[in-house]
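> Once you've looked at the hints, dock chain E against the given chain H.
There are 2 protein chains.
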Amino acid sequence: MKTRDKILLASLELFNERGERNVTTNHIAAHLAISPGNLYYHFRNKSDIIYEIFLEYEKLVDFYLDIPGSRALTLEDLTFYLESVFDGLWSYRFFHRDLEYLLDSDPRLRRDYREFTNRCLGAIRQIFEKMAEAGIIEHQPVELREAMSLNVWLVITNWMAFLKTAHALDDDNSLTLTELKQGIYQVLTLEVPYLTPAYRERVMALREKYRPVMMQAEA
Amino acid sequence: MKTRDKILLASLELFNERGERNVTTNHIAAHLAISPGNLYYHFRNKSDIIYEIFLEYEKLVDFYLDIPGSRALTLEDLTFYLESVFDGLWSYRFFHRDLEYLLDSDPRLRRDYREFTNRCLGAIRQIFEKMAEAGIIEHQPVELREAMSLNVWLVITNWMAFLKTAHALDDDNSLTLTELKQGIYQVLTLEVPYLTPAYRERVMALREKYRPVMMQAEA
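Chains as they are written, first to last, in our numbering: chain H, 4 to 222; chain E, 4 to 222.
Because the hints were derived from the structure by calculation, they are not lab data. Be aware that one or more of the hints could be misleading.
[Unchecked claim] Chain H is faced by these chain E residues, among others (derived, beta-carbon under 8 Å):
#: 1; residue: 54
#: 2; residue: 100
#: 3; residue: 137
#: 4; residue: 160
Since the structure is predicted, the reported quantities are computational estimates derived from the model, not experimental observations. Built from N, CA and C at the ideal position, the CB exists for glycine as well.
Extracted from the complex, chain H is given alone in its bound form:
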């Protein structure tokens, strides 16, 4: 692996483990046993590393959410989209944690993240459209579909923060991918009232697989 790629990988690991705010370029260099000078040869500063990591995240999500236009959408597709989005959130979890601060610190990132959000919202709308075409959910007026897509986005991007704050875990590392994916239960909750009789039972069974365990313990 090239030094540049090693730096990106080590940075991502450290950011996810300790939070971006607590990791300096010196920590990253020390972790890789390279000199700070060598790191600076590849990246001018931490912002540049974060920006490169964002570009990879963006590429991954764009790849996942490339909706096939040619054939009908299946429940397997829907499961794949949901699983993939939460896998992405997990792999780049430091990012949403400190998003506002990161965007304030880097105008490129701010502009790109805005476009990224709009593309994601577009993909979610398209998935809803294709679910309606496939007879999984009822057709909805455009205005409602837009607002619902935004709610899907708000639920997805807030789920991790909810787990980490409302459930008051002692440290970030105690959060697991399984818990994170329980957010799929909340996303499918948004679709419950729109399910067609033909698909209702199957989608409800899919949703049940993700029921948050922590919520039950809570209640």
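Relative to chain H, chain E alone:
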């Protein structure tokens, strides 16, 4: 006004304007033209100030969400709850911005915020119940109501971050209370499929009042 209250008020103002991370106790003292020693006489450190501000926020929201048990819930009540919650978010907007970091820094706050979230979720569930009793929405199975209440919470607590990141405003101060309250449109979107014929038109008209203007500009 007592010095202690002046410190709390000035801190809240500065945190909201500049972000908690960018404000030190020295800034707060300078802003009030008091000595750092005088500030430390009242509060040991910034964490203590933040904790006191949280207690006020909590008291405010608890007061707003004190649901009357004795009479039927009206649309005016619902509007009041929604408006009040977003007013609270606005007045204490620094808090949700950096929530994870704040909770990591103060175990008291972490514990109290967890209990606060659970009380809010309880209040949302109760509002849904009373809306069903009043015939505004259809009755729902408990499991669905719980999941919906959590989605309401996720949408409310993520709306400001969405405005500030996805819309890529240049600075925090360009966000207005009016824009923030457009989150009510998203919250009412969650209730749309459950509205009874008797109330449908009135709730849709209420929702329309909050339709996000930025989303239209975006599209």
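> Let's test the interface hint: is any C-beta of chain H closer than 8 Å to that of residue 100(E)?
6 Å, holds
> With a cut-off of 8 Å, does the beta carbon of residue 137(E) approach a beta carbon of chain H closely enough for the hint to hold?
19 Å, violated
> Verify the interface restraint on residue 160(E): the C-beta must sit less than 8 Å from at least one C-beta of chain H.
6 Å, holds
> Under the criterion of a CB-CB separation shorter than 8 Å, is residue 54(E) in contact with chain H as hinted?
15 Å, violated
Of the numbered hints listed earlier, those contradicted by the structure are 1, 3.
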